[in-house]
Amino acid sequence: MNIKTFWRDIRFLKILAQLIFIIALALVALYFYRNVTANLARQGLAVGYGFMKNPASFGIGESYIPYEPSDTYARALLVGLVNTLVISTLGIVLTTIVGVFAGVARLSSNWLINRFAAAYVGVIRNTPLLLQLMFWYFGVVIQLPSVRQAIQLPGPIYLTQRGVYLTWAEATATFPAWRVYLIIAFISIFVIWFVLRSAQKRSSLPLSPWWNLAYLLIPVLIIWLGAALQPEPPLRPFIPELSGLNFRGGLRLTPEFAALLFGLVTYTGAFIAEIVRAGIQAVSRGQVEAARSLGLSNGQALRLVVFPQALRIMIPPVTSQYLNLAKNSSLAIAIGYPDLFSVAGVVFNQTGAAIEIITIMMLSYLSISLFTSLLMNIYNRRIQLVER
Amino acid sequence: MAAVEVKPPVLAIGPLAWVRKHLFSTWYNIALTLLAVWLLSILLGPAVQWATTEARWGVIEANLTLFMIGQYPRDQIGRVWLTIFILAGLIGLSWGVWKNAARGFALIALSAGMAFILIALFFGWDVWDEWLLAEAILLSFYFIGRYLPRGALIATLAWLLYFPLVFLLIAGTRYIATLPPVDSSLWGGLLLTLLLTVVGNFGALPLGILLALGRRSKLPVIRYFSIGYIELIRGVPLITILYTASVLLTLFLPINIRPELVIRAMIGFIIFEAAYQAENVRGGLQAIDRGQYEAAHALGLNGTQTTVFIILPQALRAVIPALFNSFISLFKDTSLVAIIGLFDIVRVARSILAQPEWLGTHREVFLFAFVIYWTFNLAFTYGSSRMEEALGVGKR
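Chains F and B, in that order, give the protein sequences.
Residues in the first sequence are numbered consecutively from 0, following numbering that gives the first Met the number 0.
Residues in the second sequence are numbered consecutively from 0, following numbering that gives the first Met the number 0.
Everything labelled a hint here was simulated from the structure, so no lab data went into it.
Certain hints may be false.
Unchecked claim - Calculated lysine to aspartate or glutamate pairs in the EDC-like style (CA-CA distance at most 20 Å, straight line):
| hint | chain 1 | residue 1 | chain 2 | residue 2 |
| --- | --- | --- | --- | --- |
| 1 | B | Lys-217 | F | Glu-273 |
| 2 | B | Lys-98 | B | Glu-134 |
| 3 | B | Lys-217 | B | Glu-230 |
| 4 | B | Lys-98 | B | Glu-278 |
| 5 | B | Lys-217 | B | Glu-278 |
| 6 | B | Lys-331 | F | Asp-8 |
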């Protein structure tokens, strides 16, 4: 390299630019660090995670893992994290169903259904989720009738101001024995799949579709055999019944949980509906016409030609909606559901450990996001078009 | 060749045929129609009954000013009107200068003003003359704009000056006697919501462009920094960023600098929105043909010149719809400041519900807040899609 003109060498300039960037970044970081230490020293605070072992001494409304106010802060945050995970997972499953139904309804030739879906999507997408959650909680769930005048839906499901009571299943004494039969039936599905696949490989003609009935019949046969050997069914319906001033039995969803779940599901569902509609519309009409001219029925064309292609278009935007749902569950604080953000807020108010709490919070949400997008990316890769 | 006129079959046109085709064409369509009618009747019936008999709509009329400007001093309300008048003038000017591109927004503004006049006259509120003045200003600036020489330049400069001017008018300053400072904790309602939306969006745009360019940079340090920033911000909820901005930001600043909560929230929104706008802009950058780079290179432009004069103008034009979309979604997202304690529309709604005489009017208050957001978004969507059409964005 000519020493006189090295400052005109593009390779040198690139390294120089990056060095300057790193140094600038380091200076900014140093500036922040000095401010933080000065501020903390003035407030007499120290950074560290020692406080996590101290007793939390506050109650949490609902929890899926055992928790007492005497447990540690770390435990309290874990309760919040589990609550976030529960509502996100349930929400993602339910919102997919709502979204697909609403998206298909948007394409319906039935005018009334079409307008119905359009109104749902239009109103929900154009108003803030926070407001919707507050409306569902303060305007609807809290104002439901008292336990004695509960609204009964088929199921039975009872809607009351104390929460929603669902009919659920309850394990009986024979349930442990049953699990074995269930597992055998489950394994049998894989065995059938394997056997059918190897049979298919050996024959040149496609197998009769009637063989697919084996997937249904053999597991049912196994479970039925199990039933004959047991004196009592493994599950019995667990029906909520009014006793005194409250319901007994069934599964109770707290008002906060019910409002949050409903709000998140309807909100995200409206966005997914638009994605589903756009995805189906994006498959060109020629595809349907080609499928029809090959002799496929309308249903087959939709199932075998349109839907797989629409799915490819839909998966990436739907993934980001799933992530939005998980992130939006942090709005639970507005209606008092103890999710990660709201528990972390209480811990911060008690300890003043801002940096530590916010780091934990951000890392938790970040790992939820990364994990969800990892799963969806794996799925996406499986269904992508394999080009030659 | 003379066409033989054949009358359409009686059952193929007319309302009856329409009903048959759209509601009762097959057995499952009949079932769906009946299901929808049944659902509508059980949902709409009680709702209409509630809205016309039980609901106490007086809560809206009594608190309308609170909804619009929060606790902003009532004797300084003229300053808010002034920002609206200038905005009306700017919209009119843009309409005159840019014609079709701004017509959608101008028509929306005109009809909204008209609606406000009628509503005010109907209820006997004394704000109808202000709205009439705004309409007059809009129309007169439209004619000024049509005959103004170098109109595009003047209108662009006026818009650029408008935002600092609004800030000056709303916040006030010690140096002008007629504009006494108004503490930012008093800003509220729709005024605050709009301020946060505009600042969040336009403040984030430069940062977003830089991050988008950084993400496509060939220098690994800058690229990984941009990727890290964008993915980190997009991976966490907005509320955690706002919370960080409201709680942690002061820790990172020198002891003598303590920005007010509104400013901290604005910084939070800019940090958040920059990551999303970077992704929007990146989409536009990716859509640009390689040939553009090669042509610019052949003309002797260097890298910076190519980016600034050739690539960015095209990329930004291509992402106008996406930028409008993020404007709308940030408008909705500003409601989150209610959680960190600013008096935006949502927080105003909560505070109204705490007034003893309006206890239990949750549905009325929240529904009215819905209406504000919904009409704004609809109007904005209409205006922006007219603008996209006029500019021919997305189809050339």
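Hint numbers not upheld by this structure, sorted from lowest to highest: When the structure is compared with the hints, numbers 1, 4 and 6 turn out to be violated.
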